[in-house]
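Engineer: Sequence:
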Amino acid sequence: MDDRVDETVHVISLCRFENTSANRRYKGNKLNEIVHAICAMLNSDGGNVVLHNECDCEKCKSSQMSLVVRMLEQSMISIIGLNQTVSNINFKEDEKRILILVKKSDSLITTNYNLYLPSQTLVVQMSPLESLDKVVNRNVDSESVQPGSHKRLFCKDKECSFRENKMCELKHLKAGPSKRTRLADRMTGKSNKFSCYVSAFANHSGGHIYYGIRDDGVVEGELIPNADNIEITNKVRKAIKMMIWPQEIDQPKRGVHWEIFFEPVLDQNSKPIPSTFVIVIYIAPCLGGVFTEEPECYEMVEGKVNKMSFTTWKKAILRPGWLRRREEIPRSVHRISWSSAEARKTFTVGVEGEKLRKLINKGDWGAFSKECQILQKKSQLSVMKLLVLSKQITACYRRGSFNEARASLEQYNTILPQAQDRFIFEVMGLYLQAALKRASGDFQELPELLTAALSKAELIQPGLVTAIVYVFAGTVTDLINSEDPTNEVGSPDVLSIRALEHLRCVPVPPDHSEVVTEMEQKIHITLATFYLGCNISGQRIKGNYNVNNSGIDKAKKSILAVHGSADEGNPLSVYREVQLNLVRSIYNYRRSQVSSDQRTRFLCSAFEYAKKAGCLARDYQFMEMVEWSKANETLCTEELVRSQLFSARKNIQPENSLHEPKHLLPRTQASLCKKTVMPI
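The sequence shown: position 573 = 573 (UniProt numbering), numbered continuously.
Derived by calculation from the structure, the hints in this document are not laboratory data. Just so we're clear, the structure is a prediction, and the values are computed from it rather than from any experiment. Yeah, the Cβ is synthetic: ideal placement off N, Cα and C, and Gly gets one too. Each hint should be verified, as a subset may be incorrect.
[Unchecked claim] Each computed BS3-like pair below joins lysine-lysine, with the alpha-carbon atoms no more than 25 Å apart:
{"no.": "1", "residue 1": "Lys134", "residue 2": "Lys151"}
{"no.": "2", "residue 1": "Lys103", "residue 2": "Lys304"}
{"no.": "3", "residue 1": "Lys104", "residue 2": "Lys30"}
{"no.": "4", "residue 1": "Lys304", "residue 2": "Lys96"}
{"no.": "5", "residue 1": "Lys171", "residue 2": "Lys156"}
{"no.": "6", "residue 1": "Lys253", "residue 2": "Lys190"}
{"no.": "7", "residue 1": "Lys358", "residue 2": "Lys304"}
{"no.": "8", "residue 1": "Lys612", "residue 2": "Lys358"}
{"no.": "9", "residue 1": "Lys103", "residue 2": "Lys314"}
[Claimed, not checked] Restraint ranges, calculated between C-beta atoms of paired labels, are given here:
{"no.": "10", "residue 1": "Glu410", "residue 2": "Ala341", "range": "49 to 57 Å"}
{"no.": "11", "residue 1": "Ala316", "residue 2": "Asn192", "range": "31 to 39 Å"}
{"no.": "12", "residue 1": "Arg335", "residue 2": "Gly564", "range": "29 to 37 Å"}
{"no.": "13", "residue 1": "Phe310", "residue 2": "Val494", "range": "39 to 47 Å"}
{"no.": "14", "residue 1": "Ser78", "residue 2": "Thr181", "range": "29 to 37 Å"}
{"no.": "15", "residue 1": "Thr312", "residue 2": "Ser337", "range": "50 to 58 Å"}
{"no.": "16", "residue 1": "Asn192", "residue 2": "Ile374", "range": "53 to 61 Å"}
{"no.": "17", "residue 1": "Lys355", "residue 2": "Glu501", "range": "21 to 29 Å"}
{"no.": "18", "residue 1": "Gly564", "residue 2": "Ser270", "range": "51 to 59 Å"}
{"no.": "19", "residue 1": "Gly189", "residue 2": "Lys362", "range": "49 to 57 Å"}
{"no.": "20", "residue 1": "Leu153", "residue 2": "Glu130", "range": "17 to 25 Å"}
{"no.": "21", "residue 1": "Ile273", "residue 2": "Val301", "range": "55 to 63 Å"}
Make the full structure from the sequences, and use the hints.
Structural biologist: This is the structure in structure tokens:
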């Protein structure tokens, strides 16, 4: 049997335990070191903790020894209580050392839970003396805070209509950005206790953190320059991810366990103040315990103080709650759903909406206008009015009637407050506003609108509306990033694949599956353009796109998926056919870059597909597509001329190199291509 007793030795300077600002850090570090050793002995088989004084100055008398003992006793009482401190810990002092005799504890001692709970006016770290059972094993609170329930109207220098409580925290970060820290860093930094608020709200009933409102409730707003909202969102995501969440959750998900909103601050005329927002972070209630970092618990391992692994600690102290089966822990956040199946069907896959969608994609504007008038007279329901207006906005911006589209969008936002499913229609409204901005070439506010639409779409049950937002985001992010490379809204392929996943959640009657099929066709067209490093307008996504066969092959699969859909009895609408021809144009343009021996042939095919897209677009008045077709034609023409000149130079004798032979320069593009179209 091993009768050895664990012992740790700590060198201290007694004079540095005086209560002065200069000694504060030293004293704190030394006390923590000694307390950790005592707790490690309590969690093992007991032992001795020896403190040697290295200071010989006059100040270091017996009174200083007693001061250190008193500090250690107070620390241990706060961790294990008075009874255990008296029963299991004894102090012996002499001139040069303090001997601490520690007995084994009957229960596991945790030095620091690193877990918080909210009170009415602040968040408080849970004491090690308290049991975690009521936190990790609590039931779902029927009055828990729900996503989208935060306040949205904020006026500069006016008091808000609420105060801090157990589910609400107000913060205003007064300091401006510096070279070292930006708003995102200051929000999530330890000094502002961001993770403490997340832990507290998650361990209670959920809650909101409002950044930009003073403690007295007066709205100031936070200054957020363009695109900083993306940085803030990413820093918030990172800070939340670094915390310790229950095993059943694995990684906290945006839209489920947390969400972020950027609400505009209004001036005295109720107009948004540029770049000024109240940032609202929603935290969902979470069962099982959420910690800011790993709890602190120590044990003796081979004669040394060792921090206990989180897995070991979890099994020892949280066995009843933390390890409960995954299926016993319900989702923290219930996504927002339609008020009724009838309302969902009317707006998404109903007969009326399907008829309008088909007329738009056919470019039959006369029939579309008549059908809208019939529906507006037929029904006074808000859902039908919003449906018709949403289609009118789409029809207007596709044919270039932007003022009409803006007028319809204004009507949409006027009716919006009357709708029963307001939040879902609000998401649709953000999408329509962003789509109008994109079509009219106004990219200034597009990243903010897109971020808001995506954030709120995360809170809705997956379906057609969320799929529409994701596929639009996948289509438009390349345009945003080509205008301003600092924007990082998202990757088109990730967004497109997510859109496909959401489409699978659409409950579509057998006779109304066309809307889903057409969306799938659009997604594959978006994926093809992404793999080709372009968008269908002919613009580059990447400055120096690395053309390779891998991207071309992926694009080919996406293009063939669209063809396959058509072959299965799902014919392309005229609008989608225009887009497909533009993608074919880019596909052949890219092939010309990797096939030097067939460069001219592929460029000719690219030109012909662009020309075909342009003809269709003009015939059906898809004005935006007309401009995109022109851009592709121009790109192909420039490359064809360049290719012909290069070929001509290779065949010219040196003595004639000063004069370009006229017979090799094309009069027209058609003379070069001769209607040659390369196959996919």
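Engineer: Can you confirm whether the C-alpha distance between Lys134 and Lys151 stays at or below 25 Å?
Structural biologist: 30 Å, violated
Engineer: I want to verify a distance hint. Is the separation of the beta carbons of Gly564 and Ser270 within 51 to 59 Å?
Structural biologist: The hinted range 51 to 59 Å holds for Gly564 and Ser270, with Cβ atoms some 52 Å apart.
Engineer: Are the Cα atoms of Lys304 and Lys96 separated by 25 Å or less?
Structural biologist: 23 Å, holds
Engineer: Verify the CB-CB distance for Ile273 and Val301 against the hinted window 55 to 63 Å.
Structural biologist: Given about 58 Å between the Cβ atoms, the range holds.
Engineer: Determine whether the Cβ-Cβ distance between Thr312 and Ser337 falls within the hinted range of 50 to 58 Å.
Structural biologist: 42 Å, violated
Engineer: Is it true that the CA of Lys612 sits at most 25 Å from the CA of Lys358?
Structural biologist: 21 Å, holds
Engineer: Do Lys355 and Glu501 keep their Cβ atoms within the hinted range of 21 to 29 Å?
Structural biologist: 28 Å, holds
Engineer: CB of Gly189 to CB of Lys362, is that within 49 to 57 Å?
Structural biologist: At roughly 55 Å between Cβ atoms, Lys362 and Gly189 fall inside 49 to 57 Å, so the hint holds.
Engineer: Just to be careful, I want the Cα atoms of Lys253 and Lys190 compared with a cutoff of 25 Å; is the pair within it?
Structural biologist: 22 Å, holds
Engineer: At the C-beta level, are Ala316 and Asn192 separated by a distance inside 31 to 39 Å?
Structural biologist: 33 Å, holds
Engineer: 39 to 47 Å was suggested as the range; check whether the CB atoms of Phe310 and Val494 agree with it.
Structural biologist: Because 31 Å falls outside the window, the suggested range is violated.
Engineer: Determine whether the Cβ-Cβ distance between Asn192 and Ile374 falls within the hinted range of 53 to 61 Å.
Structural biologist: With a Cβ separation near 57 Å, Asn192 and Ile374 satisfy 53 to 61 Å, so the hint holds.
The structure is inconsistent with the numbered hints 1, 7, 10, 13, 15, 20, although it conforms to all the rest.
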